[in-house]
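Asker: Below are the chains, spelled out letter by letter.
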Amino acid sequence: MNLVLAKNETGRALSDSFAIARDRLPGAGKVAEARSAAFEAYERAGLPHRRIEDWKYTDLRALMREVLPLAPAPDAAALKRAAAAVKLQAIKGSRRLVLVDGVFVPKLSDVVGLEKGLTIRTLRDVLETGDAALQAELFTPDNANPMVALNSAMTTDGVVIEIADGLVLKQPLQIIHVASGPAPAAMFTRSLLRLGRDAGVTLVESYIAADGAKIYQAHDSLIIAIGDNSRLDHVRFVEDSREAFNISSAVVALGAHAHFNTFSMTSGAAVSRYQATITFAGEHSRVETNGVNLLNGRQHADTTLFMDHAVPRCASREVFRAVADDRAHSVFQGRIVVRPDAQKTAAKMMTRALLLSDDAEADNKPELEIFADDLTCGHGATTGALDESLLFYLRARGLSEKEAQALLIQAFVGEAIESIVNDDLRELAIAATQRWLEARS
Amino acid sequence: MSLLEVKDLKVRVEEREILHGLTLTVNPGEVHVIMGPNGSGKSTLSHVIAGKPGYEVTDGQILFRGEDLLEMEPDERAAKGVFLAFQYPVEIPGVTTWNFLHTALNAQRKARGQSQLTSPEFLKKVREVAKSLNIPQDMLKRGVNVGFSGGEKKRNEILQMALFEPAVCILDEMDSGLDIDALRIAADGVNALRSPERAIVVITHYQRLLNYIIPDFVHVMSKGRVVKSGGKDLALELEASGYAQFEVAA
Numbered sequence: 001m002n003l004v005l006a007k008n009e010t011g012r013a014l015s016d017s018f019a020i021a022r023d024r025l026p027g028a029g030k031v032a033e034a035r036s037a038a039f040e041a042y043e044r045a046g047l048p049h050r051r052i053e054d055w056k057y058t059d060l061r062a063l064m065r066e067v068l069p070l071a072p073a074p075d076a077a078a079l080k081r082a083a084a085a086v087k088l089q090a091i092k093g094s095r096r097l098v099l100v101d102g103v104f105v106p107k108l109s110d111v112v113g114l115e116k117g118l119t120i121r122t123l124r125d126v127l128e129t130g131d132a133a134l135q136a137e138l139f140t141p142d143n144a145n146p147m148v149a150l151n152s153a154m155t156t157d158g159v160v161i162e163i164a165d166g167l168v169l170k171q172p173l174q175i176i177h178v179a180s181g182p183a184p185a186a187m188f189t190r191s192l193l194r195l196g197r198d199a200g201v202t203l204v205e206s207y208i209a210a211d212g213a214k215i216y217q218a219h220d221s222l223i224i225a226i227g228d229n230s231r232l233d234h235v236r237f238v239e240d241s242r243e244a245f246n247i248s249s250a251v252v253a254l255g256a257h258a259h260f261n262t263f264s265m266t267s268g269a270a271v272s273r274y275q276a277t278i279t280f281a282g283e284h285s286r287v288e289t290n291g292v293n294l295l296n297g298r299q300h301a302d303t304t305l306f307m308d309h310a311v312p313r314c315a316s317r318e319v320f321r322a323v324a325d326d327r328a329h330s331v332f333q334g335r336i337v338v339r340p341d342a343q344k345t346a347a348k349m350m351t352r353a354l355l356l357s358d359d360a361e362a363d364n365k366p367e368l369e370i371f372a373d374d375l376t377c378g379h380g381a382t383t384g385a386l387d388e389s390l391l392f393y394l395r396a397r398g399l400s401e402k403e404a405q406a407l408l409i410q411a412f413v414g415e416a417i418e419s420i421v422n423d424d425l426r427e428l429a430i431a432a433t434q435r436w437l438e439a440r441s
Numbered sequence: 001m002s003l004l005e006v007k008d009l010k011v012r013v014e015e016r017e018i019l020h021g022l023t024l025t026v027n028p029g030e031v032h033v034i035m036g037p038n039g040s041g042k043s044t045l046s047h048v049i050a051g052k053p054g055y056e057v058t059d060g061q062i063l064f065r066g067e068d069l070l071e072m073e074p075d076e077r078a079a080k081g082v083f084l085a086f087q088y089p090v091e092i093p094g095v096t097t098w099n100f101l102h103t104a105l106n107a108q109r110k111a112r113g114q115s116q117l118t119s120p121e122f123l124k125k126v127r128e129v130a131k132s133l134n135i136p137q138d139m140l141k142r143g144v145n146v147g148f149s150g151g152e153k154k155r156n157e158i159l160q161m162a163l164f165e166p167a168v169c170i171l172d173e174m175d176s177g178l179d180i181d182a183l184r185i186a187a188d189g190v191n192a193l194r195s196p197e198r199a200i201v202v203i204t205h206y207q208r209l210l211n212y213i214i215p216d217f218v219h220v221m222s223k224g225r226v227v228k229s230g231g232k233d234l235a236l237e238l239e240a241s242g243y244a245q246f247e248v249a250a
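Protein sequences appear in the order of chains A and B. Counted from 1, the first sequence has number 162 at position 162 by UniProt numbering; the numbering is strictly sequential. Counted from 1, the second sequence has number 193 at position 193 by UniProt numbering; the numbering is strictly sequential.
This is chain A alone, in the form it adopts within the complex (with noise of 0.2 Å):
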């Protein structure tokens, strides 16, 4: 009887914000139509609780309630601490895409002098001025999924970059959204990338908050085709502040002879979700998957990966290490498919959680779904908490407590961190770890 209520109240004060934000939302016909038809698909469904099994162990209308009225787009005083912050985090030598409060702010980007054969545009400028075929692509992610319908209906900007045939760019793009100010609001986002044949580049996503920014909502989707024969790097660090929502999406389709490496770690925001789904479109490609949760006080992070192997020929590994102290709550989900074609596939999912608190959770839940029979496949997952026979070992050569551990959670993490292939960006990773590690003793 509550949750009924909820979710009309919660629908209700969202119909009435999509119908205010309708003006702010770019793009007409096709675009309006796709955006209404996602609305309704996420009325119906409501924000996903426990009940349905994806979302089991992520119940959005117990921890995140309500979605916040759409924030407004950022003045001067808001861009001023969003530049603070970008700087903060801003990797040296890549391309800086800057989204604040969701909104692509030029004058903190570094859009000038693109290679030939980059080509970055807005999500609005697409979506109002665009082709057809490019802005359906846009809409493709699957309503199904209640957060990515939503996504789709209120998704206000983003980045579309194109890397043409053959192009291998040296610069990492890295995309920053930046959270700028104290009222709670949501921001929804939406951005492509689209990597031809015989292309190559590295691509970090940033979720920050600007100084003062605390409640609010990010709600984030991806959208990747990776071209026969190209190679994408991704990285991605969820650093939002303590009290923010952080739900996004990826779908990604891999060409063939083609390689995607991935790395994810989250160590901010109170509720994150991230929900990507890879599948092979193409014969010898292959995808390395790894992330690293770093929970503690009471934070929830939530890693769901859908793996579809729907071709022969390729090969799947998922590395995932979560840490939780305090009250933390960790969740992996990873499901395999193994469509009936898709013969001498190789699929591996290794899962550990390491818990620093007797209060402190992880769940896993692996699910493998076979129908092919030529293949190598496999998964593990193991939880515990330190080896006491190791810290006695380090404090006995002179490490404190909080050393030791500090020394075993890194190399507890290493294994997912190593597999990040820029030498920068493993270095800001091992960075982050430190710093997480710091905040603690």
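Heads up, some of the hints might be wrong.
[What the hints assert, rightly or not] Listed next, with one range per pair, are the computed distances between beta-carbon atoms:
| # | chain 1 | residue 1 | chain 2 | residue 2 | range |
| --- | --- | --- | --- | --- | --- |
| 1 | A | G297 | B | N191 | 49 to 55 Å |
| 2 | B | R112 | A | K365 | 14 to 20 Å |
| 3 | A | G297 | B | Y212 | 51 to 57 Å |
| 4 | B | R208 | A | D387 | 28 to 34 Å |
| 5 | A | D387 | B | D181 | 29 to 35 Å |
| 6 | A | V421 | B | S115 | 32 to 38 Å |
| 7 | B | V146 | A | D125 | 49 to 55 Å |
| 8 | B | S2 | A | V421 | 43 to 49 Å |
| 9 | A | V421 | B | R194 | 46 to 52 Å |
| 10 | B | R142 | A | G297 | 34 to 40 Å |
[Stated by the list, open to error] Partial list, computed: chain B residues near chain A (C-beta under 10 Å):
| # | residue |
| --- | --- |
| 11 | K52 |
| 12 | F86 |
| 13 | V90 |
| 14 | F100 |
| 15 | V144 |
| 16 | G147 |
It is worth saying that the hints were derived from the structure and are not from the lab. Heads up, the beta-carbon is just placed ideally off N, CA and C, and yes, glycines get one too.
Place chain B on chain A using the hints.
Answerer: Frame of chain A; chain B shown alone:
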């Protein structure tokens, strides 16, 4: 003042008393060997000196340079100069030997109010020590003890001893799992660390180690006590007649 004084030490593990009033005095420059059959409490003694959790001291005391060792955390004891070479050194995947040694040495130096060694300073020092012990450099790059042979693990313990320069070294069953060549190498490492300021306590239940390390004192432990102490000849006596006679005495 003695370096290490164990006085009438009584220790329990869960509900069982393992040490029933053990006394041992070690002075700088001395090499002691503690022998005894399995289950006599030798390893318990070494663990309690190093501060391993899980042991309850019900009576007696351990003084290190007159200070109450039992009041100190394991890392404080290490920084003061107590070193335990483990019978079974643990493997720590993901932590390179190099990083571990650097972190540990700096932690000890910090506790003693000494300056921190930078990476180049540390590298120079650890290379010198490794070279003097014939330890290959590539061992330092590997995970701590990961994939090491029994001999390599023991050599890594001796490398740490040489690097940390402790005042008292306790070697728990240092010959276990070693073939004769590995044993000789390990013993050479220990002998190289003998000095007038440093004491060494070797725990073993085989006499064969004493072919390589010549002790000043030999103690026989049985049922949680030292039942006989003597010079190096005591070990020969044991070799001839075994531990049985002392078990009766206990």
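Asker: Given the hint of 51 to 57 Å, check if G297(A) and Y212(B) actually sit that far apart at their C-beta atoms.
Answerer: Once the Cβ atoms are compared, 55 Å apart, the range 51 to 57 Å for Y212(B) and G297(A) holds.
Asker: Could you say whether the range 49 to 55 Å given as a hint is met by the Cβ separation of V146(B) and D125(A)?
Answerer: Holds - the Cβ-Cβ distance for V146(B) and D125(A), about 53 Å, lies within 49 to 55 Å.
Asker: Report holds or violated for the interface hint on F86(B), using the least CB-CB distance to chain A and a cut-off of 10 Å.
Answerer: holds, 7 Å
Asker: Quick check on G147(B) please, does its C-beta sit within 10 Å of some C-beta on chain A?
Answerer: With a minimum Cβ separation of about 15 Å from chain A (threshold 10 Å), the hint on G147(B) is violated.
Asker: Could you tell me whether the CB distance from R208(B) to D387(A) stays inside 28 to 34 Å?
Answerer: Since the Cβ atoms of R208(B) and D387(A) sit about 33 Å apart, the hinted range of 28 to 34 Å holds.
Asker: The hint names F100(B) as touching chain A; please verify it with the least Cβ-Cβ distance against 10 Å.
Answerer: Holds - the Cβ of F100(B) comes within 10 Å of chain A, reaching about 7 Å at its closest.
Asker: Should the hint that S2(B) and V421(A) are 43 to 49 Å apart at their CB atoms be regarded as holding?
Answerer: Violated - the Cβ-Cβ distance for S2(B) and V421(A), about 57 Å, lies outside 43 to 49 Å.
Asker: Given V144(B) as an interface hint, is the shortest Cβ-Cβ distance to chain A below 10 Å?
Answerer: holds, 8 Å
Asker: Take a look at whether the Cβ-Cβ distance between G297(A) and N191(B) falls inside 49 to 55 Å.
Answerer: holds, 53 Å
Asker: Could one say that the CB atoms of R142(B) and G297(A) fall in the range 34 to 40 Å?
Answerer: Roughly 36 Å apart at Cβ, these two residues keep to the hinted range, so it holds.
Asker: Please test the hint of 14 to 20 Å on the beta carbon pair from R112(B) and K365(A).
Answerer: violated, 49 Å
Asker: Given a hint of 29 to 35 Å, does the C-beta separation of D387(A) and D181(B) actually sit inside it?
Answerer: For D387(A) and D181(B) the Cβ distance comes to about 31 Å; the hint holds.
Figure legend: structure checked against the earlier numbered hints; hints not met, in rising order: 2, 8 and 16.
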